[in-house]
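Undergrad: Given next are the chains, with one letter for each unit.
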Amino acid sequence: MNYYDIIFYLFAAVTLLSALMVVTNRNIVHSAFYLLFTFFGVAGLYVLLAADFIAIVQLIVYVGGILILLLFGVMLTNKITNVEIKTGTINLVPAVIGIGLFAGALLASVINAPWKINIAEKTFPTTKILGTLLIQEYLLIFELLGIILLIALIGAASIARK
Amino acid sequence: MTVGLTHFLVVSTLLFSMGLYAIITRKNAILVLMGIELILNSANINFVAFSRFGNFGYSGHLVALFVIVLAAAEAAIALAIVLNIYKNMSTVNVDEIDNLRD
Amino acid sequence: MYESTLINLSLFILLLPLLGFVVTLLLGKKVKSVFIFENLIIILTFFSSVYLLYSKLANFRTTKISSELEWFGFNNFITGTKLSINLGFMIDNITAIMLFVVALISMLVHLYSIEYMKGDERYNRYFAYLGIFTFSMNGIVLTNNILMMYIFWELVGLSSYLLIGFWFEKKTAADAGKKAFIVNRIGDIGMFAGILILFLTYQTFSFDKIFSSISSGVLPFNSDFWLTVTGILLFCGAIGKSAQFPLHVWLPDAMEGPTPVSALIHAATMVAAGVYLVVRIFGLLTADAMLFIGVIGMISAFIPATIALTQNDIKKVLAYSTVSQLGYMIMALGVGAYQFAFFHLVTHAFFKAALFLGSGSVIHAMHHEQDIRKMGGLRNKMPLTYWTFVISSLAISGIPLTSGFLSKDGIIASSMAFANLTGHYLFPIFSLVVALLTAFYMFRLIILTFHGEPRDIHKFEHAHESPFLMVMPLVLLAGLSIFIWYTPNPLNSEQGWILSKWIEKPTVFTPERSRFDFMKSSSDEENNIKQSYLDAEVYKEAMHSAHYPAMILSELMAILGILFAFIVYQWKKINADSIADKIKPLYNFSLNKWYFDEIYNKTFVAFTIGLSKVLAWFDAKIIDGMVNGSAFLTKHFSFFIGNFDKYVIDGIVNFTAYFNGFIGLLVRRIQTGKVQSYLALVIFSLVILLFIFK
Numbered sequence: 041m042n043y044y045d046i047i048f049y050l051f052a053a054v055t056l057l058s059a060l061m062v063v064t065n066r067n068i069v070h071s072a073f074y075l076l077f078t079f080f081g082v083a084g085l086y087v088l089l090a091a092d093f094i095a096i097v098q099l100i101v102y103v104g105g106i107l108i109l110l111l112f113g114v115m116l117t118n119k120i121t122n123v124e125i126k127t128g129t130i131n132l133v134p135a136v137i138g139i140g141l142f143a144g145a146l147l148a149s150v151i152n153a154p155w156k157i158n159i160a161e162k163t164f165p166t167t168k169i170l171g172t173l174l175i176q177e178y179l180l181i182f183e184l185l186g187i188i189l190l191i192a193l194i195g196a197a198s199i200a201r202k
Numbered sequence: 819m820t821v822g823l824t825h826f827l828v829v830s831t832l833l834f835s836m837g838l839y840a841i842i843t844r845k846n847a848i849l850v851l852m853g854i855e856l857i858l859n860s861a862n863i864n865f866v867a868f869s870r871f872g873n874f875g876y877s878g879h880l881v882a883l884f885v886i887v888l889a890a891a892e893a894a895i896a897l898a899i900v901l902n903i904y905k906n907m908s909t910v911n912v913d914e915i916d917n918l919r920d
Numbered sequence: 002m003y004e005s006t007l008i009n010l011s012l013f014i015l016l017l018p019l020l021g022f023v024v025t026l027l028l029g030k031k032v033k034s035v036f037i038f039e040n041l042i043i044i045l046t047f048f049s050s051v052y053l054l055y056s057k058l059a060n061f062r063t064t065k066i067s068s069e070l071e072w073f074g075f076n077n078f079i080t081g082t083k084l085s086i087n088l089g090f091m092i093d094n095i096t097a098i099m100l101f102v103v104a105l106i107s108m109l110v111h112l113y114s115i116e117y118m119k120g121d122e123r124y125n126r127y128f129a130y131l132g133i134f135t136f137s138m139n140g141i142v143l144t145n146n147i148l149m150m151y152i153f154w155e156l157v158g159l160s161s162y163l164l165i166g167f168w169f170e171k172k173t174a175a176d177a178g179k180k181a182f183i184v185n186r187i188g189d190i191g192m193f194a195g196i197l198i199l200f201l202t203y204q205t206f207s208f209d210k211i212f213s214s215i216s217s218g219v220l221p222f223n224s225d226f227w228l229t230v231t232g233i234l235l236f237c238g239a240i241g242k243s244a245q246f247p248l249h250v251w252l253p254d255a256m257e258g259p260t261p262v263s264a265l266i267h268a269a270t271m272v273a274a275g276v277y278l279v280v281r282i283f284g285l286l287t288a289d290a291m292l293f294i295g296v297i298g299m300i301s302a303f304i305p306a307t308i309a310l311t312q313n314d315i316k317k318v319l320a321y322s323t324v325s326q327l328g329y330m331i332m333a334l335g336v337g338a339y340q341f342a343f344f345h346l347v348t349h350a351f352f353k354a355a356l357f358l359g360s361g362s363v364i365h366a367m368h369h370e371q372d373i374r375k376m377g378g379l380r381n382k383m384p385l386t387y388w389t390f391v392i393s394s395l396a397i398s399g400i401p402l403t404s405g406f407l408s409k410d411g412i413i414a415s416s417m418a419f420a421n422l423t424g425h426y427l428f429p430i431f432s433l434v435v436a437l438l439t440a441f442y443m444f445r446l447i448i449l450t451f452h453g454e455p456r457d458i459h460k461f462e463h464a465h466e467s468p469f470l471m472v473m474p475l476v477l478l479a480g481l482s483i484f485i486w487y488t489p490n491p492l493n494s495e496q497g498w499i500l501s502k503w504i505e506k507p508t509v510f511t512p513e514r515s516r517f518d519f520m521k522s523s524s525d526e527e528n529n530i531k532q533s534y535l536d537a538e539v540y541k542e543a544m545h546s547a548h549y550p551a552m553i554l555s556e557l558m559a560i561l562g563i564l565f566a567f568i569v570y571q572w573k574k575i576n577a578d579s580i581a582d583k584i585k586p587l588y589n590f591s592l593n594k595w596y597f598d599e600i601y602n603k604t605f606v607a608f609t610i611g612l613s614k615v616l617a618w619f620d621a622k623i624i625d626g627m628v629n630g631s632a633f634l635t636k637h638f639s640f641f642i643g644n645f646d647k648y649v650i651d652g653i654v655n656f657t658a659y660f661n662g663f664i665g666l667l668v669r670r671i672q673t674g675k676v677q678s679y680l681a682l683v684i685f686s687l688v689i690l691l692f693i694f695k
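Those sequence lines, one after another, are chains A, B and C.
My numbering applies: residue 41 is where the first sequence begins, and numbers increase by one.
My numbering applies: residue 819 is where the second sequence begins, and numbers increase by one.
My numbering applies: residue 2 is where the third sequence begins, and numbers increase by one.
Be aware that one or more of the hints could be misleading.
As the list claims (entries may be wrong) - 16 Å max Cα-Cα, derived EDC-like pairs, lysine to aspartate or glutamate: (1) A/K162 <-> A/D92; (2) C/K675 <-> B/D916; (3) B/K845 <-> B/D913; (4) C/K675 <-> B/D913; (5) C/K506 <-> C/D536; (6) C/K675 <-> B/E914; (7) B/K845 <-> B/D916; (8) C/K573 <-> C/E454; (9) C/K541 <-> C/D518.
Stated by the list, open to error - Just so you have them, the derived chain C footprint on chain A, three or more residues with Cβ under 8 Å: (10) 131-137; (11) 141-150.
Calculated directly from the structure, the hints in this document are not laboratory data.
Just so it is clear, CB atoms sit at the ideal spot from N, CA and C, and this is done for glycine as well.
Throw the hints in and build the complete structure from the sequences for me.
TA: Below, the structure is given as structure tokens:
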């Protein structure tokens, strides 16, 4: 049991527990705050996977952007003072059974699969490599993504204004 | 047992299951969106993990990056839709929106 | 002048009266004066036909112009041959002359009818019918194939039917129309059969092609006998149309139609179509067929002549004389006097039209009185009518200086020559007897009508000469009965231009073995020109030796007949009634028209009625019974089917519907419309699939 392992278990626990809180908490605002921890934990896992740039982007975009967006959504669709902010569940029993079976099957296959491990060399920082790739091999996709973002912004504004 | 690919995959699987659970069981549309984000995160963990343990270069990183970008776009659109639904039906409870039945 | 000009002109002549017919019929009810249009049309037709006759004789006197176009055709893809049905025109001198005669008489009758029919309620329709008649008659004359001739043949039959029954309010007129139509059909069946045999054998309707096939030895069913049969069958059409024995009964009844119609259709043109037909098919007649035709013609000449002796209706007498004269023509064809037959057709058309129009004038003056016993003394009141009538009667009796003498004398001479050549002496004997009878009854008619004291004073007082439009045709036609139009020598028609120049000599195409001896081609093959039998030495000699005896005998007969008529009716030396009493059975026999109508009524008509009664009974009992039985069966079967439908089929259908509804009820609960439940179901299915394909 080295430090790496300890840190991994730590982050994994943070991620999974907070995610559990997200999906089970009746209060939406609380769920949103728990989601913060989930994203944070995932970012830590990225660091453990030697993906420094992705980890930073995860923090900036998810925590700084998407989560704020979700909170705005919560605030715009629920009055804070209202009890309605607490929300219930449906399909509980079939969902638990179905997802349990599904997760079980997935876990069994993930654990039993004979993965071929070929660990890559660690290189820090990855920023330069990713940047090179982005404007060389993945240039087209990069541009398309930009367009998609633009369209999504315009579309979101237009839908929300109606 | 040292931490390897399987550990990350297990975490990602559990995260995926919880996202699925949120999507299926929660009434509030915002929570459904959060479940989607969880699923996307679990997928991202998989990408990066395979990239790390499979020696596929940095493509996994880039795909994860793209997914994050798309998630941002999706979140914006989805929230706009949710707001629109709220404006039209004055509710964001998914179970009450069953116009698809008719 | 090209041949195509004549063809186009003849097409023009053919279609003009049709235009007149259509316009007059369509506008007849609205425009009262449309008959003027029809008259103008017919005058134009006449002048066109005059021009056609002139051009033909002046430019193409010896050529035969014909033109054909395909009507429709059948391709035989197996043998690769094509069977085409053609329409076409053929213009030879006979056609041109005939066209002229038809157009002239048609025009005169049109003009005459303007006065005669005045005040009739269907005035315009009358002219329309005359128009379609002229059209159809021109069609018969112009055609070059027997199919087209048959079509127009039926069309003249139709117009004849329409015009006989023109005053259809009168039952006798309607009946006469029907009778004419039906009796004509009987003859036409024979003609149709003949046409079918020809078509079956030669795959063509064209006269020329049929003739050339016959002369190259192709015969129906490869036998002379069937060629004879074909000729006789075709002649059946002529029997019907030309009112020959035994189908002559319709023509006297046809006098129910307006008198101008009788003049045009039932004296001059349509009834001559039968003769024209025989003229056209002359080339395929075998000796046997010709003998048959001659005998029929002889009988038809004799019987009506005897009937005409005792008739009291002015038009009936003329009608029987028409049958008799047509019999002459047919007989002439039978004895091979082709050119005289056609010549007599032309001359007869003129003087008989004059006679009919004259009788129409008398009837018009006497306010539709037709019984000659109530006439008399009209000579001074109607001088023009009288004199034209006398000239025409002289012509029909065959007195010299008239056209009738030329043609009739020719026929009698030919029959004598024929008798000398073949030994059939009945032909000249009967033709002389008929000449006597003809002269007698014609002058009986004249004396009773125009001479003596008026027997019906009241009607006599009102009688007057007819108006110009009615007298003009009479004068014209009587003028055409003078010899000068036909020949410079009043005693010998052979020198006339019609016979020597205009009428083509006939050619016979039948095999040598089935011809009369005198028709066989001369043995001297050196000149090798296909010469007509008329130019053969044998025939010329026979004709020459028969010429003077025939002339003398026929004149004797005619003068005897006229003299006898004057003795009996003018000078009353012999009392007609006492003679009639003495030979009462014969007199009644003649008066009742040899009881033909009665015999036909007792036999054919009764048989037909009886047969139709039997068939009606058969229909009513057996066919209807079968129909009712099948209806009964069908009805019950339908009941069964209906119940089966109602309970079994409907049951199955309803059960299916209920079952589906039930299933739907179950499934509907899954269909919540909530996205999340769908997703849950998807997860379940995914899990199941995972476990299946583990």
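Undergrad: So is the stretch 141-150 of chain A in contact with chain C by the C-beta rule, three or more residues under 8 Å, or is the coverage claim wrong?
TA: holds (count 3)
Undergrad: For a C-alpha distance cap of 16 Å, please report whether B/K845 and B/D916 respect it.
TA: Holds, at roughly 12 Å.
Undergrad: Take the C-alpha atoms of C/K675 and B/D916, compute the straight-line distance between them, and say whether it is at most 16 Å.
TA: 5 Å, holds
Undergrad: Holds or violated: C/K675 with B/D913, Cα cutoff 16 Å?
TA: The given pair, whose Cα atoms are some 6 Å apart, holds under the 16 Å limit.
Undergrad: Hey, B/K845 versus B/D913, does the alpha-carbon distance stay inside 16 Å?
TA: Measuring from Cα to Cα gives roughly 6 Å; hence the hint holds.
Undergrad: Under the criterion that the straight-line Cα-Cα distance not exceed 16 Å, is the pair A/K162, A/D92 satisfied?
TA: Within the cut-off at roughly 11 Å; holds.
Undergrad: Is the hinted pair C/K675 and B/E914 satisfied, with a Cα-Cα distance of at most 16 Å?
TA: 8 Å, holds
Undergrad: Can you take a look at whether the stretch 131-137 of chain A is actually covered by chain C? Rule is 3+ residues, C-beta closer than 8 Å.
TA: It holds: at least three residues are needed, and the stretch 131-137 of chain A offers 3 whose Cβ sits within less than 8 Å of chain C.
Undergrad: Given the hinted pair C/K573 and C/E454, is their Cα-Cα distance within 16 Å?
TA: 13 Å, holds
Undergrad: Can you confirm whether the C-alpha distance between C/K541 and C/D518 stays at or below 16 Å?
TA: Holds. C/K541 to C/D518 sits at ~14 Å (cutoff 16 Å).
Undergrad: Hey, C/K506 versus C/D536, does the alpha-carbon distance stay inside 16 Å?
TA: Holds - the C-alpha atoms of C/D536 and C/K506 are around 8 Å apart, at most 16 Å.
The structure is consistent with each of the numbered hints, conforming to all of them.
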